[in-house]
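**Student:** Kindly generate the complete structure, drawing on both the sequences and the hints.
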Amino acid sequence: MERRGFTVRVYNDLFRKKNIKQFNPNLEIAYWSYDGDTENKRVSKANRTYRAGAADLQKAGFRLLNYNSHYLYFVPSRKNCTGENRRYMVRDLKKNWDLCVWDSDRGRKLSSKDGVIGSAISVWGEGFRRSVRRKDLPPSCAALPGNDAEAIGSSRSREDAGEISDTDVRDI
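Residue numbers 1 to 172, in the UniProt record's numbering, belong to the letters of the sequence shown in order.
Hints are supplied without guarantee of correctness; some may be wrong.
[As the list claims (entries may be wrong)] Listed below are the simulated DSS-like cross-link pairs for lysine-lysine, each with C-alpha atoms no more than 30 Å apart in a straight line:
| hint | residue 1 | residue 2 |
| --- | --- | --- |
| 1 | K109 | K18 |
| 2 | K113 | K21 |
| 3 | K79 | K113 |
Hints were generated in silico from the structure; no laboratory data involved.
Owing to the predicted nature of the structure, the values given are computational and were not obtained by experimental measurement.
**Tutor:** See the structure below:
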């Protein structure tokens, strides 16, 4: 992909402490979770033992995007789109998150913003069998910034959305 003029961006899951140097240093890494947000304590501990943390990747010179799943992931539903929940999310984000907070809500921070090139709020449509439309959301969610489009989510495949397919992976 890089040879075709694209910047390759990947999630952090496959980076292990011992294999960091095997990867192209021009990759941009979307760092979402240190342990994969699993509720299985054994799996969480194993992931934390072997996975590269944001500081490891920063030290290796990768460009990082902070996609912290605790503060920056949102799955709209009638249950979590109440005004009370929305106000809590905004307060929690403003009070506890900044560009250097990378390990969920555990308080771990990078010592500097060096190499951190941005972040994103991820809105996921999990649990929906069709597009989520403004009329499907309670008023408190429809008022969220960025909900101007008719369809908020989409049932399109990853390939339809312009993401890479399995056949493109060999070119990375």
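**Student:** All hints are to be evaluated individually against the structure, with a verdict given for each.
**Tutor:** Verification of the hints:
no. : hint       : verdict
1   : K109 x K18 : 22 Å, holds
2   : K113 x K21 : 21 Å, holds
3   : K79 x K113 : 35 Å, violated
In this structure, the one hint that does not hold is number 3.
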